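As given, the protein sequences belong to chains C and A, one line each in that order. Residue numbers for the first sequence follow the working numbering, beginning at 1 and rising by one. Residue numbers for the second sequence follow the working numbering, beginning at 1 and rising by one.
The set of hints was computed from the structure by calculation and includes no laboratory data. Computed from a predicted structure; not experimentally measured. The beta carbon of each residue, even a glycine, is placed where N, CA and C say it ideally should be. Check each hint, because a few of them may be wrong.
Unchecked claim - Chain C regions said to be covered by chain A (calculated; three or more residues, Cβ under 8 Å):
| no. | stretch |
| --- | --- |
| 1 | 31-43 |
| 2 | 49-56 |
| 3 | 62-72 |
| 4 | 217-228 |
Said to hold, decoys possible - Below, computed lysine-lysine pairings styled on DSSO-like, alpha-carbon distance capped at 30 Å:
| no. | chain 1 | residue 1 | chain 2 | residue 2 |
| --- | --- | --- | --- | --- |
| 5 | A | Lys153 | A | Lys141 |
| 6 | A | Lys194 | A | Lys124 |
| 7 | C | Lys124 | A | Lys124 |
| 8 | A | Lys124 | A | Lys141 |
| 9 | A | Lys141 | A | Lys194 |
| 10 | C | Lys124 | A | Lys141 |
| 11 | C | Lys183 | C | Lys141 |
| 12 | C | Lys141 | C | Lys194 |
| 13 | A | Lys183 | C | Lys141 |
There are 2 protein chains.
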Amino acid sequence: MSYDLWYWPSIQGRGEFVRLALEAAGVDYRDRARTDGVEALTEDMGSRGGIRPYAPPYVVDGDLAVAQTAHILAWLGERRGFAADDERGNLELIELQLTISDVVAEAHDTHHPLTVSEPYEDQKDAAPRKAEGFREQRMPKYFTYFEDALSAKDGPFVRGDRWSHVDTSLFQLVEGLRYAFPKRMATIEGDYPKLIACHDAVAELDAIAAYLASDRRIAFNEDGIFRHYPELDGA
Amino acid sequence: MSYDLWYWPSIQGRGEFVRLALEAAGVDYRDRARTDGVEALTEDMGSRGGIRPYAPPYVVDGDLAVAQTAHILAWLGERRGFAADDERGNLELIELQLTISDVVAEAHDTHHPLTVSEPYEDQKDAAPRKAEGFREQRMPKYFTYFEDALSAKDGPFVRGDRWSHVDTSLFQLVEGLRYAFPKRMATIEGDYPKLIACHDAVAELDAIAAYLASDRRIAFNEDGIFRHYPELDGA
Chain C
1 MSYDLWYWPS
11 IQGRGEFVRL
21 ALEAAGVDYR
31 DRARTDGVEA
41 LTEDMGSRGG
51 IRPYAPPYVV
61 DGDLAVAQTA
71 HILAWLGERR
81 GFAADDERGN
91 LELIELQLTI
101 SDVVAEAHDT
111 HHPLTVSEPY
121 EDQKDAAPRK
131 AEGFREQRMP
141 KYFTYFEDAL
151 SAKDGPFVRG
161 DRWSHVDTSL
171 FQLVEGLRYA
181 FPKRMATIEG
191 DYPKLIACHD
201 AVAELDAIAA
211 YLASDRRIAF
221 NEDGIFRHYP
231 ELDGA
Chain A
1 MSYDLWYWPS
11 IQGRGEFVRL
21 ALEAAGVDYR
31 DRARTDGVEA
41 LTEDMGSRGG
51 IRPYAPPYVV
61 DGDLAVAQTA
71 HILAWLGERR
81 GFAADDERGN
91 LELIELQLTI
101 SDVVAEAHDT
111 HHPLTVSEPY
121 EDQKDAAPRK
131 AEGFREQRMP
141 KYFTYFEDAL
151 SAKDGPFVRG
161 DRWSHVDTSL
171 FQLVEGLRYA
181 FPKRMATIEG
191 DYPKLIACHD
201 AVAELDAIAA
211 YLASDRRIAF
221 NEDGIFRHYP
231 ELDGA
């Protein structure tokens with residue numbers, strides 16, 4: 001069974017959290033806007049009525065389209081065996097995945113504090129204060145939370161020795177924040193050894209290593225969620 | 001069976017979305033911080049280790065604590081009969097509920113565009129531009145999305161003639177935005193008749209009418225998510 005992933009073709013963005021889980025699980029999927037073009041994405045979005053995706057990413061299986069990153073991952077995880085085996089475990093994974101969505105949204109807002117409809121350059125006066133609070137207060141608070149979650153079992157993953165969609169997302173969170181805030185990450189990473197061990201264990205999964213080395217992995221850039229603006233970083 | 005809801009006791013905030021669904025369903029619950037005090041909330045939060053709530057609200061059932069508003073509602077809805085009867089219906093409800101979470105977060109950020117750790121007064125210079133984009137672009141975009149979702153069936157609710165947690169949340173979204181942005185809502189409400197009909201149908205549920213008339217319903221105020229600052233409103 002093959003899924004269609006619809007997401008902006010030139011950025012990692014929120015779609016990357018879905019790509020990573022699909023790749024890690026070896027699930028067959030087509031990254032439709034990368035093969036068919038961005039116009040095909042806006043056309044597909046526009047053709048859907050009723051209860052439809054609010055925004056990309058969304059994943060289509062037959063006539064079912066599921067949107068919202070955390071929701072896509074929970075759905076695919078339970079279907080394709082990269083969630084938990086029990087209800088409580090899945091409730092925990094969803095809660096963690098939603099909290100990753102929250103920190104990702106805050107990372108985005110460091111470069112878009114005032115409006116999503118105008119570029120960074122038009123709001124860069126407000127961005128340093130937003131970024132400072134994110135670096136100094138929010139990053140440690142979220143990292144402590146994930147570090148504690150990773151302490152519930154013996155690691156390296158949240159569920160122990162089996163990866164889940166939360167682990168691939170934590171990998172991407174660390175990657176993205178290293179790209180966007182290298183100075184800050186260099187300062188604080190050492191305080192979260194379980195989080196970094198989880199990141200490293202995901203990177204070492206055969207399927208992820210192959211994916212990262214392929215041209216399917218889009219490079220970070222300043223159109224995505226995690227952007228490197230040196231003026232927004234600091235130790 | 002009684003649940004414990006833990007949330008800040010002096011605001012509606014995100015906890016209100018949980019309260020409304022519990023009230024509408026007639027589910028027995030204790031609003032713990034309102035009976036035991038806010039210190040009991042911080043103490044309960046602090047006592048939880050491993051995979052724990054990142055922030056209130058969270059709902060406790062025995063030794064299970066579930067956090068993240070949309071997630072709480074999906075979980076309780078499936079358990080207590082105010083979700084959908086089938087997998088696809090529940091996938092749709094969760095997607096809608098998560099999108100409500102997104103617009104609620106954006107509504108919050110209109111008065112806290114730069115940092116969550118400092119008061120409105122310290123960021124009120126940046127707030128008007130954030131609020132303008134929210135009023136003019138985001139509110140119509142989200143409302144159109146919910147109006148379309150409500151067109152999938154004959155109403156008044158998303159699932160047709162049976163309310164779900166998405167409907168109680170849409171009610172609260174409309175209530176909150178009317179409180180925060182009365183001028184803007186007066187201008188645009190008429191363009192979204194299904195959304196307003198859903199709001200009105202929720203208000204007329206016996207259990208909701210009784211709840212709204214009770215002292216369990218906290219009044220909107222300028223400590224919550226939906227705040228009325230006249231300088232942030234506009235037609």
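Here's how the hints hold up against the structure:
With 0 residues carrying a beta carbon less than 8 Å from a beta carbon of chain A, the stretch 31-43 of chain C misses the three-residue requirement, and the given coverage is violated. Given as covered by chain A, the stretch 49-56 of chain C passes the check, having 6 residues with a CB less than 8 Å from a CB of that chain where 3 are the minimum. Counting residues of the stretch 62-72 of chain C whose CB lies closer than 8 Å to any CB of chain A gives 6, so the stated coverage by that chain holds, three being the minimum. Counting residues of the stretch 217-228 of chain C whose CB lies closer than 8 Å to any CB of chain A gives 0, so the stated coverage by that chain is violated, three being the minimum.
The hinted pair formed by A:Lys153 and A:Lys141 meets the criterion: a straight-line CA distance of about 20 Å does not exceed 30 Å. Proximity of A:Lys194 to A:Lys124 is assessed by CA-CA distance (about 34 Å); at most 30 Å being required, the pair is judged violated. The straight-line distance between the Cα atoms of C:Lys124 and A:Lys124 is roughly 17 Å, inside the 30 Å bound, and the hint therefore holds. Distance hint between A:Lys124 and A:Lys141 is fulfilled; the C-alpha atoms sit about 25 Å from each other, no more than 30 Å.
For the suggested pair A:Lys141 and A:Lys194, the alpha carbons sit about 15 Å apart, so the restraint of at most 30 Å is met. For the proposed pair C:Lys124 and A:Lys141, the alpha carbon gap of about 25 Å is at most 30 Å, so the pair holds. Pair hint C:Lys183 plus C:Lys141 holds up; C-alpha atoms about 18 Å apart against a cutoff of 30 Å. At most 30 Å may separate the alpha-carbon atoms for a hinted pair to count; C:Lys141 and C:Lys194 meet this at roughly 15 Å.
For the hint linking A:Lys183 to C:Lys141, the alpha-carbon distance of about 37 Å lies beyond 30 Å, and the restraint is violated.
Checked against the numbered hints listed earlier, the structure breaks hints 1, 4, 6 and 13; every other hint is satisfied.
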